[in-house]
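**Q** The listed protein sequences derive, respectively, from chains A and B. Reading the first sequence from the start, the letters are residues 1 to 179 in the working numbering. Reading the second sequence from the start, the letters are residues 1 to 435 in the working numbering.
Some clues are possibly wrong.
[Unchecked claim] Here are a few chain A residues that face chain B, going by a calculated C-beta distance under 7 Å:
1. Gly28
2. Thr75
3. Met81
4. Arg83
5. Val113
6. Val138
7. Val154
8. Ala179
[Stated by the list, open to error] To give a feel for the contact side, a few chain B residues facing chain A, derived at Cβ under 7 Å:
9. Val26
10. Lys48
11. His91
12. Leu278
No lab work stands behind these hints: they were computed from the structure. Backbone N, C-alpha and C fix where the C-beta goes; we use that ideal spot for every residue, glycine too.
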Amino acid sequence: MSEAGAPARDPLPLRLLDLAAMATNIAGSALILGLMVLIGLDVAGRNLLGAPLPGVPEMVSLSIVAIVFLQAPQTLGAGRMARSTALPDTLSRKNPAAARLLEDVWDLVGAAVLAILVWATWPNLVRDWERSTFVGAVGDFTAPTWPVKATIVVGGALLVLQFIARIWRRHRRAAERVA
Amino acid sequence: MTPFDIGLIALVVLVVSVMAGLLVPVALMACSFAGVWAIKGSPELAAKLMALAASDTIASYFFGVVPLFVLMGFLVSESGMGRDAFDVANHAFRRIKGGLGVGTVGANAIFAAITGISIASAAVFTKIAVPQMVRNGYAPRFATGVVAGSSVLGMLIPPSLLLILYGILTEQSIGDLFIAGILPGLLLGLVFGLGIVAVAAFAPKALGSPTVPEDGDLTQRDILAKGLPIVTLIVLVLGGIYGGIFTPVEAGAMGAIGALVLGLLKGTLGLRAIGRVLIETGLVTASICFLIIAAQMYSRMLSFSGLPAGFGSLVADAELGLMAVLTLYIAVVIAMGMILDSSSIMLILVPLMLPVMTGFGVDLVWFGIITVIAVEIGLLTPPFGISVYVIKSTLDDPTVSLADIFIGAAPFALAMLGVLVLVIAFPVIATGLVP
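Okay, chain B solo, but in the shape it has when bound:
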């Protein structure tokens, strides 16, 4: 057997075992260990490589971004800034048809600029926006669908954990990736908002029988009190990075400190809440970094096998063309999104696709945005759209079934597909702002 064959077998075993429920990091580590053993003929070497990956992969200053941005995201959620974003967005959109739906999208877009985790947005807005919409006559299916759909804005509008992961995998600048996410994120939010208004105008029954909420008005003072902390955090984090004052790691720390201070000032963060946030941050950090370590072993094993290079030349020989390859890639990503979480998909597929994309000479920042949108579509597709599960478990309402939420989210997944096509057709949407 050639190393190429071994690599291919390891890949197949990986996919099959993951589908059969093996923990993704364990599957990555086991297949890499067995693969290196088979290729190099030495179990000792394979074990040493594993130990090396565990101690060296994430031992860099740079990886500080992961826990710090996760911490900032949870502090922001816990301190009630999601509620503030929702109130401000509602104030802006309350007069138009489907206003609460548009307000939820707007609130998610604002919230996305101070947090980088889709799941955090989904949990926060399920608690805030769904009850409010249902009270005002919106159908639960629509209400949960809006929350599921607009939660993906969190991963596109910077800061974004997925873009950080992609930057780590492909050695692209996280600052550039963040900028590249802004326009596609805003475009997606705009498409969502316009879509809701259009449905409210032409097929209002799909929304239920919405009424205009009476209590949406805010005084200028309220808007300032609710909006200012959020604006402060956005300026601190994004301004800090792009003003060249902070590294992304420092921006994460300053954002977390800022969120902590604001939460304490607002009186919404108690000691118990901070403890809960720290534990949760630890669990998310460990599960992601553990995946990164395992993915590092896997990508070393792949490069020993020559599979990515061989795959690259195979694609080149087939003369498929960039568009055909991208279409296939996106189909695979979305299909994997039906059974796996976004980080796992990215860590499994991107190392394999990188040489192919480099072969085409494409802009890897642009490819990153495409990857993130495609991965996020998977968050909304059955049977395993994570966002939908988070909403279901946060909502805790037996009258709203998983199927309801999936159906409600389907139009949003379609809208994302549309934006994805636009970003592919006009790369300038992603790369236009990148210096």
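Next comes chain A alone, as it looks inside the complex:
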């Protein structure tokens, strides 16, 4: 497939990471669609049949956290996280090497912060799993809370990898341009 002059194909770890980010992204999108259908059924059931679905508020509150952490890796990968690009853009015109260094530092800060988040969430995941923590009311509707903690750990870990991948990609591109 690769033509002369086209950028070289990403190495395997980067491609795997892209694949993982895309997979969690699709899972998150499916959850949003599910949320819409769930609430629609609840509204219809309540108003037409006089029978609301049980547990909708709990399901919504749990899935919204999952949605965010499943989508976040792709959001970062697509460059859609909120930031101000004014200074980095100016700097990269005047001194590309310095601009790359600055971006590297910022990506390292990002990786460190998310790593702390994953590290601090892990014990909560284990605890919720061991104690079978749930939300809702027994006899009506209950949902376990550990899957939500799991999405934070998975999404957070993918974010750490994405930050590192950003550094890697930046230097690969720079090296290509020199070559």
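Chain B: place on chain A using the hints.
**A** The following block gives chain B in isolation, referenced to the frame of chain A:
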């Protein structure tokens, strides 16, 4: 160092690192982590607090509004209802001078009532309205300026993502905020429209050499076919909320379902388009909710440091008066709007200003409308007016420069400043309809 000093340092580091290009949520999380660590002396505690914010901040039924209203907005754009709104508005305004410009403003006002994201409006109308205006002799600078300026109506006329965010931050009723946005939104649309007519009458050269389009006429049947789906959605969503049938979350879901069904009936939504909409909704939801989580950590750190309370008493001691404080606040918001997106600005500034405003005993719904208008002015100001960048990248026309669009949008930013002053001078414009 007192906690107050630490909070102040964290705030300065936050602003500097954000300006230097650190991702806003990362900056908020890093500064909060370091701040809590320094104040409480325990990195474990700071990390636990971060984990707590991540799992608990948005884990509430209430946050369902964010993805659902974003989904509705994208479904509405993808299903061609922007085009319909534009056709109907043009039919209404085609005979007056500068009619296409006024029509674009009107179409944006209609479209704003079924979508809550300025950026969606900017992208949709760049594709629809700009080519049409340019074909009819309008200057590109004016055409893009109108689209940039009137896209901000999306954030004022309900439903509005920014008002939802503000409601979440300040625990105000989203229903009340939505109602409060209606009159300022309509007033802004009116000022835009009258301004265009006035320019067309007194300085027509500023518009280029516009001609009256020949193909703007619609039959009654067309108007019904184009207008009815939009009216249905407005009634479903806003009627549902205010009729007490739906919670805002349910209204978002019903709006999304309604838009989906209408798009399928019109035959404008295919499977591929729905897939694209879902992915896009996910990205926008994640970037906003991630910001909210980070902002929650930041506001906890702030309250540990006592900075907002200290800031509040500082302002009280200085006896500045409400107007002076508001003026300063608006100046800061607009200045930040030059480098940051609207959600980030709101999430950084509002927690800091809340105790100050509560100290003055002002109506927080009114303050919300002021904040949203000020933030939206920033969307139009260089060097980083997001709406302008969206238009530039959607337009993909090298003959229209960013500077052209900024110049074209400048009169609209001025008009917004005027409406902002009116809302401050006459709070009833915002609060009049609120029960």
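**Q** Less than 7 Å between beta-carbons is the criterion; does Val138/A satisfy it with respect to chain B?
**A** violated, 20 Å
**Q** Should the interface hint for Val113/A be scored as holding, given a Cβ-Cβ cut-off of 7 Å against chain B?
**A** Holds - the Cβ of Val113/A comes within 7 Å of chain B, reaching about 5 Å at its closest.
**Q** Quick check on Met81/A please, does its C-beta sit within 7 Å of some C-beta on chain B?
**A** OK, holds: Met81/A within 7 Å of chain B, min 5 Å.
**Q** Is the interface hint satisfied for Leu278/B? The criterion is a beta-carbon contact with chain A at less than 7 Å.
**A** holds, 4 Å
**Q** Under 7 Å, Cβ to Cβ, is where Val26/B needs to be relative to chain A, so tell me if that hint holds or is violated.
**A** holds, 4 Å
**Q** Would you settle whether the hint for Ala179/A is holds or violated, based on the nearest Cβ-Cβ distance to chain B being less than 7 Å?
**A** violated, 27 Å
**Q** With a cut-off of 7 Å, does the beta carbon of Lys48/B approach a beta carbon of chain A closely enough for the hint to hold?
**A** With a closest approach of 6 Å, the Lys48/B hint holds.
**Q** With 7 Å as the cut and Cβ atoms as the points, is Val154/A at the interface with chain B?
**A** Violated. Min distance 13 Å.
**Q** Quick check on Gly28/A please, does its C-beta sit within 7 Å of some C-beta on chain B?
**A** It holds, given that the least Cβ distance between Gly28/A and chain B is near 5 Å, below 7 Å.
**Q** Using 7 Å as the Cβ threshold, decide whether His91/B counts as touching chain A.
**A** Not OK, violated: His91/B not within 7 Å of chain A, min 33 Å.
**Q** May I ask you to test the interface hint for Thr75/A with respect to chain B, counting a Cβ-Cβ separation under 7 Å as satisfied?
**A** holds, 4 Å
**Q** Hold the hint about Arg83/A up to the distance rule: shortest CB distance to chain B must be less than 7 Å.
**A** holds, 5 Å
The structure fails to meet hints 6, 7, 8 and 11 from the earlier list, while all remaining hints are met.
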